[in-house]
Amino acid sequence: MSTITDLKYLKIVLETALLTSAEALSVSALKKLFTEDVKAALINDLLAEIQQDWRGRGIELVKLASGWRFRARAEFTPYLARLTPEKPPRYSRAVMETLAIVAYRQPVTRGDIEAIRGVSVSTSVMQTLLERGWVEVIGHKDVPGRPGLYATTHKFLDDLGLVSLRDLPPLADLGTLVLPEVQPESVGETDAVPLDDEADNVIEQER
Amino acid sequence: MSTITDLKYLKIVLETALLTSAEALSVSALKKLFTEDVKAALINDLLAEIQQDWRGRGIELVKLASGWRFRARAEFTPYLARLTPEKPPRYSRAVMETLAIVAYRQPVTRGDIEAIRGVSVSTSVMQTLLERGWVEVIGHKDVPGRPGLYATTHKFLDDLGLVSLRDLPPLADLGTLVLPEVQPESVGETDAVPLDDEADNVIEQER
Amino acid sequence: MSNEFLLTSPELPSGVPIAHVFGQPVLEVPQDLFIPPDALQVILESFEGPLDLLLYLIRKQNLNVLDIPMAPITAQYMAYIDAMRREQFELAAEYLLMAALLIEIKSRLLLPRPPKDEEGEPDDPRAELVRRLLEYEQMKLAALELDKMPQADRDFAWLAVLIEQVAEERLPEVCAVDLRQAWLAILSRARNTRHHKVEKDELSVRAQMTWILRYLEGREYVAFEELFDLTLGVPHLVVNFIAVLELVKEGLVKVSQDAAYQPIYVRLALV
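Protein chains in written order, with UniProt numbering: chain A, 1 to 207; chain B, 1 to 207; chain C, 1 to 271.
Away from chain B, derived, C-beta distances all over 10 Å, residues of chain A:
(1) 40
(2) 126
(3) 127
(4) 140
(5) 158
(6) 161
Now the stretches of chain C that chain B is said to cover, found in silico as 3 or more residues with beta-carbon under 8 Å:
(7) 50-61
(8) 91-98
The set of hints was computed from the structure by calculation and includes no laboratory data.
Just so you know, even glycine gets a beta-carbon here, dropped at the ideal spot from N, CA and C.
Work out the full structure: start from the sequences and follow the hints.
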């Protein structure tokens, strides 16, 4: 198999990430694909190449405000519209996990959410939930940085058809349903905080 | 602009529909892309061509229970996981054994599952499989209490990359399952367990 | 493959601990009865039921499932059950039922053989048990195979190319069970799953904490009693009181009282 030093392979990884991502990816997000340090200039060059490769095809790679994304060319949307009526869109897993934590653990800070999820929470995820009117800041915690405390709103309950938070499905015995994810690299340090390095960095920056 | 009689254009439309669809597309769904009557045989030929075109790239076109769909090659999962660490959970043995029984013995009632596992099946286990969309109730058994009959869904097959239940891993043959390493003069007794035939029959019924 | 699957796998490699008790690896389920209580709990939890436990005992000793020596197997099984009961672990009824079945089979074996049936086959009292053990083992192995198969999202990703919506934008729909599913994924990733267990009682406390914070917002000092609506009943008062304590503990509100018997005031820790 090719190594990452192989430019062609690197380009395929980028293309695959862009094709499978439900949201636009910035160059800095794309850098995270690789454990090696891949320069932004190189990624930009490869993006331009991918864009070129897709000329004259049904989808195109476009640069949006939040990053790069593949989308169908306008020319083909009349065809696509003939397919089975589209299903309602779904939120990404990151959004759903964040919403679940705010609902069950409120009031929580972003740091709390990150500690429970074990990964960083991007600003766009919080933004999505705030804009939808499902989550709001109801105060600030008296610690350095004065992080906001998030809670769910009445609109959240209304939109989900719930009378009160007590109507949320109980989580009581969920522990028996899942297995811990295999984490091969972390032998011997099982007691460590569940945050990976990257998430740590994000939290640090925010405080 | 090209016309639909142009095969190359037709292929691009097919490819674009498959690249942008959030679900697998059957050949009959794909026919709906065109107002003209495009023969299924032609679509199948073009699908095979598209599949060929993507050999050695990051994504592949696969045939599943509910139709054709593009997916990222498993080889790239480690890269993509760095962007989206949120993944569906690994299920516990209780969940996986229940799923296996539904998959291989369907349609089954909860009582059937409990009889095989020798323990009661908690509601949350069934709920997890129903919510994941892998299992559904397809009817009720005509016995007192009218228990629901569970079966696996197309989504279950799709999510495991299978076309039909026949593609499930074959069950271990009960005959070989039991033979201890140091074996036996007690071959005559194997008649007491006429189960392997039965297992074959179950799969046969599904065809 | 997961540890939990390995626990009872017949091909359990020697040297792989099945459990850790007081930091010491337990390499195999002890045959004698000196099982530390903590280990018992782990052992019990690692079996999916009496069939699983029986299979383990049979496989571990490399016995022929088709010719189970009932006396020793029953004795071993009973030893586990007795030890577990002595430690007063909540034992599923199925385990006791199996114990009764094993004893029944054993006693029937001691009786003179019944006459042969029409086909001339001797009626082995173990036959039904053997059939169940094998059928369960078959499904147990099938579950392992299923788990090994690549699964969407877990092992490979679907494509998600955008189609620009011409019509009005549709907002994603979410229902309450989606939240439960999301929590499952979080649990799976968290190393200590028990830590994030949320009980229903706890949830009403969390909900009440949010209510109090909202109530205090924009008010400076609120009299303690003002937070309690006596018409809502005792359970609500208790939950509300716990919510205030939790808020104090988390440093989100401050409670003050100038002197004994003076009014108690509550305010946001951060205004």
